[in-house]
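Residue numbers (this note's numbering), protein chains in the order written: chain A, 1341 to 1704; chain B, 1341 to 1704.
With beta-carbon atoms standing in for the labels, derived distance ranges: (1) A:Gly1428 / B:Asp1505: 24 to 30 angstroms; (2) A:Thr1445 / B:Ala1345: 44 to 50 angstroms; (3) B:Gly1560 / A:Ala1359: 24 to 30 angstroms.
No lab work stands behind these hints, which were simulated from the structure alone.
The C-beta atom is built at its ideal place from N, Cα and C for all residues, glycine as well.
There are 2 protein chains.
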Amino acid sequence: MTSLANDTFLRALRRQPTAYTPVWLMRQAGRYLPEYNATRARAGSFLALAQNPDFATEVTLQPIDRYPLDAAILFSDILTVPDAMGLGLRFEAGEGPKFERPVRTEADVARLAVPDMDALRYVFDAVGQIRRALLRDGVQRVPLIGFSGSPWTLACYMVEGGGSDDYRTVKTMLYARPDLLHRILAVNADAVAQYLTAQIDAGAQAVMVFDSWGGVLADGAFGEFSLAYSQRVVQAIQRHPGAADVPVILFTKGGGQWLEAMADTGADALGLDWTTNLGQARARVGQRVALQGNLDPAVLFAPPAAIEREVQRLLHSFGRVDAGAGHVFNLGHGISQFTPPEHVAALVEAVHTHSRAWHAPAQG
Amino acid sequence: MTSLANDTFLRALRRQPTAYTPVWLMRQAGRYLPEYNATRARAGSFLALAQNPDFATEVTLQPIDRYPLDAAILFSDILTVPDAMGLGLRFEAGEGPKFERPVRTEADVARLAVPDMDALRYVFDAVGQIRRALLRDGVQRVPLIGFSGSPWTLACYMVEGGGSDDYRTVKTMLYARPDLLHRILAVNADAVAQYLTAQIDAGAQAVMVFDSWGGVLADGAFGEFSLAYSQRVVQAIQRHPGAADVPVILFTKGGGQWLEAMADTGADALGLDWTTNLGQARARVGQRVALQGNLDPAVLFAPPAAIEREVQRLLHSFGRVDAGAGHVFNLGHGISQFTPPEHVAALVEAVHTHSRAWHAPAQG
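Put together the whole structure using the sequences plus the hints.
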């Protein structure tokens, strides 16, 4: 077992005492960093960047080298699993991802199967390589997070064939042919569970399930078509030998109304977007799970003084991090490509500085 | 005072007993209707359609003639008020609305003023004309709803200069120069209040404030930058002579976490999007306000049997409409242009048929 120079992030996820609130940022290895853009230019394309363990390692480390962040997250694409299913992922200039063979008909659905994990070997290789790159004098600087899209979020892309404004195709399937969608989701849940346990076997020390599109579902549909399958993933991970100690973070963007049900999945932590009141979320579920979030990424467009003020507001909203509570500071969504890099430095410093008072033992 | 053939909608908003649950649909006069597209083709453009009282009257009546809906809503554009402020509204083919002169600098903001309501005369003329067109044998078929965008939602368009994916410009102003944004919002609140009271004077029998973009705000920002200004509008309407009896509906898309604060504005009814559990919303605020919503518009892509099932599910979620409760059935957002018109007929029939059992007096 490798020793960690900084285990604050893992301790917070386990709701153990820490000296300060750890912080990392969704999409922290991304286009707001000039060094990321330079590596991407060398790689030639986003897919070439994501599918090459050398490049993936390089960009994963970039934000860790620049800022005193408390965790690294595997650089990868959210659509690796459906790509491995043979749907034909491609990225067109100026557009989002597209699948050449979306899953829409009864025959498409019948054909769908959990992919051979060998097709995702490049991801597991990247995990191992990043773990080694994180070593400094034999000690790992910060923990490494693995991730996957949730079964529902992957299904959105698979059925729509790409991004969507209204999710018309997948929602039509949901209401008109729920049996077909359930079959897709069952395959996705098994695939995501295998994918995340293989990331853990390769060295991921925490994993996060990104239910990026759960929030577009109706109240009655979220539990049945998103959460039930995320729960299957969580439970499969927890049954996996060697994963018992690996915290699972579940993040549903737009899921603030469903936190109690999300905590019922058995996840160790819930990600929150910026519309949820952190203190109220803690009161609802914070004795059962750690909470991760939830600064509006747009705050990072404002000057450092405003960033500091908003950080203090969130720390105050969470309140004293006493026994049984855990808070990981993060944005409520991925960092924008338009963020000035020096504002991220101000954010990390503000979290580290101002959170200490909320972790100090209460005065007797 | 004109007598109403069907006052079910107004009674439900006032939480008075009704025989069934009234229903209307956001954007019910819209592109899913072939007759709407025919009128729009004659008008030549969306703005020509919206700014001509004859055309506006014609399309407002189209869904009322086709379906037994319980209310009509003024056909108009959400950006009439900033257009009257001189920002230069235009619609480009294949794109959303754009303002030629967005409000971004200190000088832009200083220049902003409540527009002369004469510039919006065409809207008030349309209201009067629609009221007359709704008469059949001297009796008004259904009530007419007036509407406006909320101060915050208008500000989003005014600062961004059009639609946005990330609201980067207006949120940067919010966090970096809140003073400028507050000044815009104060002007907008006065303008919207004057606009809605003038619609009421012209004949609108209920008004709805569409806070379409309130849900993109962070928890701490929603109250300060959206709700406080919607509340000013609600209170100005309630102080207006002749508007005391006119119910105000406040709808924040993505506002399900803030219903208690929304009810505190004094609005008579809250609109809900489809992510909110109707029964839980009722338990939280349903003794203080009526509730309007909240079917996922995507349900209308599914066959009538599925539509009927989802209608029954929502009626069951709201529960028995007993003393002090009010429910107006609606979608959780505007109807999609891709909706088959016959599915709307199935929806209206399902609401009218199945809701009667929830309104019958309880068995003794």
